[in-house]
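Letter by letter, the chains look like this.
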Amino acid sequence: MTTTTRTSTATTTPTASTAATARPVTPAGTGIVVRHLHKRFGAFHAVKDVSFEAQEGGITAILGPSGSGKSTVLRMIAGLERPDSGSIELGGEEQTNASVQDRRVGFVFQHYALFRHMTVWDNVRFGLKVRKVPWDESFKRVRDLLELVQLTPFADRYPDQLSGGQRQRVALARALAPRPRVLLLDEPFGALDARVRHELRRWLDELHRELGVTSLLVTHDQEEALELANEVVVMHLGAVEQIGPPEQVYNEAASPFVAGFVGAANALRGHVVHGEVEFGGGSVPGGDHLEDGTAVHAYVRPHDVTLTLQPANGR
Amino acid sequence: MSARAATAPRLSASTRRRLVHGGLIGGTYLFVSILVLAPLAGIVVAAVQPGWHVWSSTFGSADVRHAFLLTAVITVITVAVTAVLGVVVALVLARDRFAGRGLLSAVVDLPLAVSPVIVGLAAILLFGRGGWFEPWFTAHGIQIVFALPSMVLVTIFICIPFVVREVAPLLQELGTGEEEAARTLGASWLQTFFRITLPNVRWGLLYGVALTTARALGEIGAVIVVSGAIQGQTETATLYVLRAFDQNRDASGYMVALSMALVSIVLLAGIEICKRKEEKELAA
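Each protein sequence line maps, in turn, to chains C and E.
Residue 1 is where the first sequence starts when you use the working numbering, and the numbers rise one by one after that.
Residue 1 is where the second sequence starts when you use the working numbering, and the numbers rise one by one after that.
Worth flagging that the hints you see were computed from the coordinates, not collected in a lab.
Note that CB positions come from ideal geometry on N, CA and C, so glycine has one too.
Don't take each hint at face value.
As the list claims (entries may be wrong) - Below 30 Å or equal to it, Euclidean Cα-Cα: the simulated DSS-like pairs (lysine-lysine) are:
{"hint": "1", "chain 1": "E", "residue 1": "280", "chain 2": "C", "residue 2": "129"}
{"hint": "2", "chain 1": "E", "residue 1": "277", "chain 2": "C", "residue 2": "129"}
{"hint": "3", "chain 1": "C", "residue 1": "140", "chain 2": "C", "residue 2": "129"}
As the list claims (entries may be wrong) - Here are a few chain E residues that face chain C, going by a calculated C-beta distance under 7 Å:
{"hint": "4", "residue": "177"}
{"hint": "5", "residue": "178"}
{"hint": "6", "residue": "180"}
{"hint": "7", "residue": "181"}
{"hint": "8", "residue": "186"}
{"hint": "9", "residue": "187"}
{"hint": "10", "residue": "191"}
{"hint": "11", "residue": "199"}
{"hint": "12", "residue": "273"}
{"hint": "13", "residue": "276"}
Excised from the complex, chain C in its bound form (with noise of 0.2 Å):
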């Protein structure tokens, strides 16, 4: 019995690989459009120059392990945290420099902040409130997203008596409430159960389809991030490592960070022989672009190995 690995999809990636380039930005955009971004924390360099852009009506994830530094990316993008240099696009309009209060910026943070000692209808109601927005309107709009979000009969419940699903759906009509530009969620689900999660995620879905708003979902699930996403940023280290669809960046991973971070992945260590990549056990289609001898390392998904019976290559 032998194993016979078939794929059409390995990805190879020369073992010096050199740093990944980012896609090039167009100016066009008015979505979110981040150039340059640096921010350093003391002596650590957390985001290293970041540059993507969130296509309007769309939604894009930053995905990467904790410690990657796209909480922090989109901190600077809420402005709750002033890059050291690079420059904030929102919807058109140059926001580097301005004031969290005037981003006009829904963010949903990963423990809720809702306001204790506020009911879900007051929370809902802030942002409406501190903008000045006449009574019967502001009404209406509470109304109409508490009903979105499906938490009518518990408009006068306070958050300690909600569960973490509820609170995080508090949260994002919270955040829709005054009409966002933009809406950042940081870790949404993070704090939240399997299955709660899946059943969030499904709605959120749906939600984002009926509203439309450019939206930006930092996570380090990557189920999340190619579920949920039309574009993917893969963060490493404070550097994007990757941008692309859910499908490129599963499929056509940029470096062994990409392919070994979103998805399983077996690395095979070999040399490229006539545009195969040959290892121990047999060799993987993959190393066209490559010169013969390049010491290589392949990286292969384990769905795409097929485990048989039969003698491979004759042997």
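Assemble the complex: chain C is given as a structure, and chain E must be docked to it using the hints.
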């Protein structure tokens, strides 16, 4: 012998535990009764015993009324100043990271460690005859020592830690999440402070204010040094009690002491309520 030992009643483990706990609880009650309740009862008895004519003569006296008024004025000013200052200092201590933060935190506790008499002496050194700031104030015709300003000043100094020590840990526990949420929703920092931060720490702040009030009402050590305890002028309620005993007018002294004790008991009840609300809110 052995037969007797076997038949002797032996206590089970749970009974023994109950006895030990019962003993401890009983001991605690005894301790609290002797140290706290007995003196209180003594004051009540001593104040009520001589009859109601003492009540009318005591509270009819202009000196007593002035003493209560003075105590009230000092307490109100102290509470107002330490509440505002306390919240500001607590915010700085809880939110900002800066050089000397540890030192500031320690300095805030200083009034708890220093004897009030020393606080009073320090005030005399600064504002009394020949003090650093005395020439300037004298030139402007403002009397600090042996007058209300110094009495307020030392009381404020002594009461600084209470609000800070209640509010700072609370702020730290709460974190900045809600404040950041408010900012992204379009609130200015003033709106954020008054609508989010302050309501969130309100029970801790009230607790601190209650402690401050109790301390300001009862303060005597520093005040006696800076006030000169001039009858009808710089004599607070506590100083009046002291003088009443000096002049063998015990009944009148007990009467004033009892009324102050009653205020403290009401405050204590308020403090308990605040504490519970605060705990409940933090648990949420």
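Tested hints:
Straight-line distance between C-alpha atoms of residue 280/E and residue 129/C comes to about 27 Å, which keeps the hinted pair within the 30 Å bound. For the hint pairing residue 277/E with residue 129/C, the CA-to-CA distance comes to about 27 Å; that is within 30 Å, so the pair holds. Restraint check: the Cα-Cα separation between residue 140/C and residue 129/C comes to about 13 Å, which is no more than 30 Å; the hinted pair holds. Satisfaction of the interface hint for residue 177/E is found here, the shortest Cβ-Cβ separation to chain C being roughly 4 Å, below the 7 Å cut-off.
The closest approach between the C-beta of residue 178/E and any C-beta of chain C is roughly 5 Å, which is under the 7 Å cut-off, so the hint is satisfied. At a threshold of 7 Å, the smallest CB-CB gap from residue 180/E to chain C is about 5 Å, leaving the interface hint in force. Annotation: residue 181/E was flagged as interfacial toward chain C, and the flag holds, the nearest CB pair being 4 Å apart, inside 7 Å. The restraint placing residue 186/E at the interface with chain C holds, with a minimum CB-CB distance near 5 Å, inside the 7 Å limit.
Look at residue 187/E: its Cβ gets to within about 4 Å of chain C, closer than 7 Å, so that hint holds up. With its C-beta approaching chain C no nearer than about 5 Å, residue 191/E sits inside the 7 Å limit, and its interface hint holds. Given hint, residue 199/E at the interface with chain C, holds; its Cβ is 5 Å from that chain's nearest Cβ, closer than 7 Å. Checking residue 273/E against chain C by beta carbon gives a least distance of about 17 Å; that is not within 7 Å, so the hint is violated.
At about 15 Å, the closest approach between the beta carbon of residue 276/E and any beta carbon in chain C exceeds 7 Å, and the interface hint on this residue is violated.
Hint compliance for this structure: hints 12 and 13 are broken, all remaining hints hold.
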